[in-house]
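Let's have the full structure, built from the sequences with the hints guiding it.
There are 4 protein chains.
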Amino acid sequence: MSDRLDFIEHDDIWDKLNEECGVFGVYNHPDAPSLTYYGIHALQHRGQESAGICASNGEVFTNHRGMGLVTEAFNNNELSRIHGHISIGHVRYTTAGESKLENAQPLIFKYSGGNLALAHNGNLVNADQIRYQLERQGSIFQTTSDTEVIAHLISRSGLEIEEAVKNALRLIKGAYALLVMTEKKLIVALDPNGLRPLSLGKIGDGYVVSSETCAFDTVGAKYFREVEPGEMVIIDEDGLRSERFSGQTQRAICSFEYVYFARPDSDIAEINVHLARKRLGRKLFLEAPIEADVVTGVPDSSISAAIGYAEAAGIPYELGLIKNRYVARTFIQPTQEMRARGVRMKLSAVRKVVEGKRVIMIDDSIVRGTTSGRIVQMLREAGAKEVHVLISSPPVMNPCYYGIDTSSREELIAASKSVEQIREFIGADSLYFLSTEGMIEAIGRHDGSNNGGHCVACFNGQYPTEIYEDTKSCTEKC
Amino acid sequence: MSDRLDFIEHDDIWDKLNEECGVFGVYNHPDAPSLTYYGIHALQHRGQESAGICASNGEVFTNHRGMGLVTEAFNNNELSRIHGHISIGHVRYTTAGESKLENAQPLIFKYSGGNLALAHNGNLVNADQIRYQLERQGSIFQTTSDTEVIAHLISRSGLEIEEAVKNALRLIKGAYALLVMTEKKLIVALDPNGLRPLSLGKIGDGYVVSSETCAFDTVGAKYFREVEPGEMVIIDEDGLRSERFSGQTQRAICSFEYVYFARPDSDIAEINVHLARKRLGRKLFLEAPIEADVVTGVPDSSISAAIGYAEAAGIPYELGLIKNRYVARTFIQPTQEMRARGVRMKLSAVRKVVEGKRVIMIDDSIVRGTTSGRIVQMLREAGAKEVHVLISSPPVMNPCYYGIDTSSREELIAASKSVEQIREFIGADSLYFLSTEGMIEAIGRHDGSNNGGHCVACFNGQYPTEIYEDTKSCTEKC
Amino acid sequence: MSDRLDFIEHDDIWDKLNEECGVFGVYNHPDAPSLTYYGIHALQHRGQESAGICASNGEVFTNHRGMGLVTEAFNNNELSRIHGHISIGHVRYTTAGESKLENAQPLIFKYSGGNLALAHNGNLVNADQIRYQLERQGSIFQTTSDTEVIAHLISRSGLEIEEAVKNALRLIKGAYALLVMTEKKLIVALDPNGLRPLSLGKIGDGYVVSSETCAFDTVGAKYFREVEPGEMVIIDEDGLRSERFSGQTQRAICSFEYVYFARPDSDIAEINVHLARKRLGRKLFLEAPIEADVVTGVPDSSISAAIGYAEAAGIPYELGLIKNRYVARTFIQPTQEMRARGVRMKLSAVRKVVEGKRVIMIDDSIVRGTTSGRIVQMLREAGAKEVHVLISSPPVMNPCYYGIDTSSREELIAASKSVEQIREFIGADSLYFLSTEGMIEAIGRHDGSNNGGHCVACFNGQYPTEIYEDTKSCTEKC
Amino acid sequence: MSDRLDFIEHDDIWDKLNEECGVFGVYNHPDAPSLTYYGIHALQHRGQESAGICASNGEVFTNHRGMGLVTEAFNNNELSRIHGHISIGHVRYTTAGESKLENAQPLIFKYSGGNLALAHNGNLVNADQIRYQLERQGSIFQTTSDTEVIAHLISRSGLEIEEAVKNALRLIKGAYALLVMTEKKLIVALDPNGLRPLSLGKIGDGYVVSSETCAFDTVGAKYFREVEPGEMVIIDEDGLRSERFSGQTQRAICSFEYVYFARPDSDIAEINVHLARKRLGRKLFLEAPIEADVVTGVPDSSISAAIGYAEAAGIPYELGLIKNRYVARTFIQPTQEMRARGVRMKLSAVRKVVEGKRVIMIDDSIVRGTTSGRIVQMLREAGAKEVHVLISSPPVMNPCYYGIDTSSREELIAASKSVEQIREFIGADSLYFLSTEGMIEAIGRHDGSNNGGHCVACFNGQYPTEIYEDTKSCTEKC
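Chains as they are written, first to last, in the working numbering: chain A, 1 to 478; chain B, 1 to 478; chain C, 1 to 478; chain D, 1 to 478.
In short, the hints are calculated from the structure, not lab data.
Just so we're clear, the structure is a prediction, and the values are computed from it rather than from any experiment.
Even glycine gets a Cβ: it sits at the ideal position worked out from N, Cα and C.
Errors might be hidden in some of the hints.
[To be verified] A short, non-exhaustive set of chain D residues, derived as facing chain C with CB atoms under 7 Å: (1) H41; (2) K184; (3) L319.
[As the list claims (entries may be wrong)] Restricting the straight-line Cα-Cα distance to at most 27 Å, the calculated cross-link-like pairs of lysine-lysine (DSSO-like) are: (4) K323/D - K100/B; (5) K184/D - K222/C; (6) K184/B - K202/B; (7) K100/C - K100/A; (8) K222/A - K352/B; (9) K352/A - K202/B; (10) K202/A - K385/B; (11) K222/A - K385/B; (12) K185/A - K110/C; (13) K184/D - K202/D; (14) K385/B - K417/B; (15) K323/C - K100/A; (16) K222/D - K184/D; (17) K323/B - K323/A; (18) K385/B - K352/B; (19) K202/A - K222/A; (20) K323/C - K323/D; (21) K185/A - K202/A; (22) K110/A - K222/A.
[Stated by the list, open to error] Short derived list, chain C residues pointing at chain D, Cβ under 10 Å: (23) M67; (24) V70; (25) T71; (26) I290; (27) D300; (28) A349; (29) R374.
Spelled out as structure tokens, the structure:
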């Protein structure tokens, strides 16, 4: 499972994450705001910068947004002031820079049709173009988020809400799992490529919708079905109905969700994440069978793959690396010497496990390589005789424009270095990356479409949508 | 590894913990306060209520104590105001009731010999008796901690500091890993039974001392040796020297440190905790070989034993239970229905892993049984066909008077119920506890003394020290 | 001087205030953000709910907004992150209900012309009408503030900024002292009636603008001149130039600024507030010469009038009522009995001053009458033989639509009760209100226009602008 | 009235204050903790560093202590957890250095007789000597407060509580207004010179005791009588009884309480503070009749004296100096230029009042002279033609050992400079200090004893108690 702590110490991993979000919605439940609270708490790994909930009792909205974790943003009884049977919630990523409450979601606004609340996970690729057009027409923008662009498109159309949303969806390009709430309806939409995960569940006489299925268990809902690419689902007093807003859909679900981002107890497109990771580990063994004494994974997200490798290899799986559960977001780092020690506050190698051993260290990915290098060094200092680094995904060589911020090509070590050069950089005895084909096969979705129905653009550069030139230079949105 | 989150949701586990602490000290290092900060951070799992550091520059003390985690107590640049080359630190347990800054350590006081700072892990069994005597003689007490009792004894003696400490140690009975700092010295002592762990390390030209060795790696120190039972170590400008304050010593190290409490990357009495737990899992298989499809452990403390069992049994080890990394100390629980759901905020069963399977669930211990019951139910709801609960320690039938608060006998389910009755209570298909002999053998200390040199009083009632009647009714100290 | 503490305990006074704000701006000073910080701090009495500063360095904006007092909103070094030589700031009123950061100003937005920041004191009377039109045209609104309406009007025009602002000013009606900042300009405007105060000052080679002149002394600026009704002042690299956006202007400055709201050390339209209040007291004596032993004023805003009355009457002025300087915004009020005592936490009568005396108690106004009644009772309990209440303004009988929220007519005691009925309600021996003519004369502006150039609508119902029906039912904006 | 804000900006005034405290107690009232909360809130001007309340329900104590103002220390519903019909509370001064919760009162401790809580206002002159003796006998000290010394003396005696307190009182020298609470009794004592104020009141069937009578009005109690010098009052289920613990008593009440420290609505030794100050102003006129146009006082503590002077002189009293009510404890001061401006955030001169005028500025005292100089400059910059500074007390030439910290002689400007030199230093046209005799006469206590029953040691060096050499060099206690 991914972990906010990574944001602090793992500079590699920090980059990967900083545009993700999580969304959760409820229709027709007396405890809708509480369910939403628990729901976004279960999605906390998808964003730690801010959290928000907006509910409707059929007439008016009540809402709260705050900075930090869900439990921090709602630490003052704010939940008790949110009422209604419809509710949507959002958790937003952490950034290195100044994070602002203004950017927290759900975004709430008033327009000629009444009140609207929007929660969005993903990244549009033509937001700048649309924003430019809207400004030309006199619109003002108070945030930098893509969500405000969608709000303007809905309001500008002058249509009834369902048509207005549909109209907006036809204009935007990119990745989006979108929740729109009016006083009386919950509207759910997924982009034509289904780049982000989004699932529907049932609870009592009502419905829930969530970025990941792990939230269903927490709130006591039952999995119902996936939201389909290019589908808009309207839930109101007439029940749930589905519309297609795009005729050209082809699933290209983000493979990084399986590799790293999602919680292991979630099923993404009905494939369990932990088991997919275990298969990634097995496949890794088939592609790179290394002789060694112990297999260890970098906690937490690489544990499943490590278990899979160990099982397939018949080599013992061990806790060779331990994570301190109390690592916080802020550290004092009084001296340079101390700063170097700082990384050891988070991870430690277990000497008695690795001493004198040939160690296979499984990690899910390498972005910049710095952290991997530190972990290899830590294992060596603890006495490891050999350290073989096996990565359960291919080299990340291209930026992501859909919400997983792997930043510019310059920072991606695999964009400029060969595998052998990376091995040298991180100081490993050997280094192997899983092949793209192996990864797709291991994830195990039997989808006849391109790349097995996954987006693997960061690995092979095949983007499932058009990419605008402007977007390439400007990707700082959620 | 144990985890503060357990305190909130796991009522079973809460009880186990609430009297533990962690201590860390440095002698002769220019960054002594920073090292101590990192040291007690590495010991955070031993106490989350409060944290404190006191340093001496050879002339005067500077110090700070605060509530909460180390990063919370020192969140305001307080560390930068603590200076010196000698330093001691302390983390204190969390309690359910009101926790007070007054009880935070190190305890600092002034007496005729100058300034003293004390940090203490453990629990005295004759503190009430001594306190009564001291009050008769006119002493006043501002806290309820045993540490204040020790301070009075030192001050009252009128002796030079080393003799004064030695004199005090001869009067107190029970469990203690004690650090005493004067302006110029660091004095370290362990009770005659060595009930609590305490290790010495070297760093540069100086020394460190820590409740657990995991802190040595964090600060860059090298393990030197254990503090011996009944030993007082004095570190000052003449170097390190050892004295025995008790002739009757016999190691009886707390077996719960191995089973549950210590960090897996620590070596307790030179035995690695993770490997000891893995052996507990193997031994559990030898004693109770169950036929099943998957083995899963309750995270985080039972993972090692689960891996050990799975390896020995040749059954796949799986992540059948996932822990949410973002569980905070405070939750809102608006309705009763929500409260029941609350436990699912912390743990969830992975349906695709356990559905239709015969599951072996390894846990380290059962205290009250409520949490175990909830986890079994969670596994069944996720579709487990059978749930076999295997515990990597014997039934806890007796209270601990040495700092692990397993409370009164009334709350210990094993004190009043048979194994079969407990099985029924938690709703498992079968339940097995490791035997005391098996546990001792698996931990693997080759110590000829009683119970292999462990305290197993909570399992078999054989207390290594005298127990005073009064103590039995009053154990709320650290 | 008015006082935030009033908001808590004085329910009368609370109502009076809750739509006021303060604005401050700087053009061309290297310390512009710091000057703005000190400036809005000096205007703190005009609003305690939130504070914000936005600066431009000629290229980009930096800003911060926060809840609470200026020192609370900027308690974390936020000021150090705001840079530029142009800057505007805002303090916003406190409300009883939930106050939101979303409503804090300056409002910052992006439109086709670049970035704009707006800070506004006052209340528009046709905001709802404009908002309705804008929504029809597809605009979305994220706040309920009039300022957002102005922002849309500016953006919609498609004109260059100066023309765009002028165009917007011609569309809005009501009270406004408005600051508009672009990357390179500071634009300042006052409504055609000059209902709110707004003064220009000079500092070094730059300019400052402030709701009240008291802020000039604090920052070391010199008073330059008033902004005229219907005037738009543009300050940029070409210096300061003035334009008239309205041909029909007639000053109608809010008389309540003199009576109650402004700081005594401010000059409003070049009339010093303290001296005006003293003249109100003198005039009160001329209209109502009461025989008594002592004159006392309700602190802090009625002290000046009380001194004036005492001087004119030749009766000693005494501190018969003392205000506790430490009254905070939040109180615990455990029991009903305690709640009644709560009011005594703020004010107390000085027994030795009033005991056995005939007391004249000067207050600046009566809105609902509850607080006045409590103070009269307090004086009686302290032994006052007679309590004569003299009010240095006429009875408030009509709501204010320009930013001083005297709420609906139902809550105004003078709207439904005669002076004699009010006297009975508050339990005074006699009660007298200053006449409207007397008030105008005493303030002392020698302006030939209607009501001496004051708005006295709340006293006599003569509103200087058109009032829209909708506005009457909806006045909750700033 | 004194004001916490002075601590920040007025370096003169800061010094005066930093050892004062306020105490309040209740016996036999169902709302004792709430009454105590309101009581210490009314005494807030006597100390802003920390606040605490301890109550007894006849069996056990409940208590809370926190940093900051009463409303800050009790901002989290802590009051609701304090129960009992007996209660004592304490507010403690602010210091420039690090303030610690450890030093907050009431001090609570356990001794052979049970539980005791102590709250103390004043300063002992032989605390160091007693502390030395106690340490010799093996006592440990955890704070630097005199109160802990008293606690040890009570505990050491081995006597019943009343005798034990009496015994302790006979050993300590200096200034103390002391409250001692046991499970069932409230014991109140005042030093033999009655240096600090302490009054008894009645409420229902119970009693209250307070440093100042202003707290009685707040809680609805009636003044009963003064606690006499050398008197110990015991209040328990047998009612209230009085004992004398010292035969040699002579009132020497601190004259600074009248001049500066106490609230104007308090009666100190049955003399109202506001009226006393007014008489100080009148007497000042008699001693120094200056020809001028306006009289103004430095707010808040010099307002009464200014009114008295103005009345006697027949010169108008004006608000020539205005205090910003929102000055907080912490300010950002980004540049040196800004820092100089900082003082203007607190006080401002009213130009229209002083311009072209001969101004008499009344202040209550001058300690270091820096602030006075700044205010004179401020008046001149606002256009004052002449500034005559008249001080309503004599020059402070000697340190206070009884709790008013006027620091060492070096910092007292009057200790090293003549009146003419001080005048020059502060830049006034003339400067006059009230004579000691005039001050005593004006306060108006008709007490035949020395100095009219006042302590005027800081003015004339006649200390009413013995002063120990050690004390002179070490006065940092409360």
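Against the structure, the hints come out as follows:
At about 6 Å, the closest approach between the beta carbon of H41/D and any beta carbon in chain C falls short of 7 Å, and the interface hint on this residue holds. Given hint, K184/D at the interface with chain C, is violated; its Cβ is 24 Å from that chain's nearest Cβ, farther than 7 Å. With 7 Å as the threshold, the beta carbon of L319/D comes within range of chain C, its nearest partner Cβ sitting at about 5 Å, so the hint holds. As the CA atoms of K323/D and K100/B are separated by approximately 39 Å, the hinted pair breaks the 27 Å bound.
For a cut-off of 27 Å, the pair hint linking K184/D to K222/C is broken: about 65 Å separates their Cα positions. A C-alpha spacing of about 18 Å is found between K184/B and K202/B, which places the hinted pair at or below 27 Å, so the restraint holds. A C-alpha spacing of about 14 Å is found between K100/C and K100/A, which places the hinted pair at or below 27 Å, so the restraint holds. Taking the CA atoms of K222/A and K352/B, the gap is about 14 Å. The hint holds against a cut of 27 Å.
As the CA atoms of K352/A and K202/B are separated by approximately 19 Å, the hinted pair is consistent with the 27 Å bound. Between the alpha carbons of K202/A and K385/B the distance comes to roughly 24 Å, so the proposed pair stays at or under 27 Å and holds. The suggested pairing of K222/A with K385/B holds, with an alpha-carbon distance near 19 Å, which does not exceed 27 Å. With a CA separation close to 31 Å, the supplied pair K185/A and K110/C exceeds the 27 Å bound.
Note on K184/D and K202/D: the hinted pairing holds, with a Cα-Cα distance of about 18 Å set against a maximum of 27 Å. Distance restraint check for K385/B and K417/B: the Cα-Cα separation of roughly 26 Å lies within the 27 Å cut-off, and the hinted pair is therefore satisfied. A distance of roughly 39 Å separates the Cα atoms of K323/C and K100/A; the hinted pair therefore is violated under the 27 Å criterion. The hinted pair formed by K222/D and K184/D meets the criterion: a straight-line CA distance of about 23 Å does not exceed 27 Å.
Note on K323/B and K323/A: the hinted pairing holds, with a Cα-Cα distance of about 14 Å set against a maximum of 27 Å. For the given pair, K385/B sits about 13 Å from K352/B by alpha-carbon distance, which is consistent with the 27 Å threshold. Note on K202/A and K222/A: the hinted pairing holds, with a Cα-Cα distance of about 5 Å set against a maximum of 27 Å. In summary, the hint linking K323/C to K323/D is supported, as the alpha carbons are separated by about 14 Å, within the 27 Å threshold.
Taking the CA atoms of K185/A and K202/A, the gap is near 16 Å; set against the 27 Å cutoff, the hint holds. With a C-alpha separation of about 33 Å, the suggested pairing of K110/A with K222/A is violated against the 27 Å cut-off. With a least beta-carbon distance of about 15 Å to chain D, the hint placing M67/C at the interface is violated under the 10 Å criterion. Given hint, V70/C at the interface with chain D, holds; its Cβ is 8 Å from that chain's nearest Cβ, closer than 10 Å.
At its closest, the beta carbon of T71/C sits 4 Å from a beta carbon of chain D; the interface hint therefore holds under the 10 Å criterion. Violation of the interface hint for I290/C is found here, the shortest Cβ-Cβ separation to chain D being roughly 19 Å, above the 10 Å cut-off. Of the supplied interface hints, the one on D300/C holds, with its beta-carbon coming within about 7 Å of a beta-carbon of chain D, less than 10 Å. Given hint, A349/C at the interface with chain D, holds; its Cβ is 7 Å from that chain's nearest Cβ, closer than 10 Å.
A cut of 10 Å between beta carbons decides the hint on R374/C: the least distance to chain D is about 13 Å, and the hint is violated.
Hint check: violations occur at hints 2, 4, 5, 12, 15, 22, 23, 26, 29; the rest are consistent with the structure.
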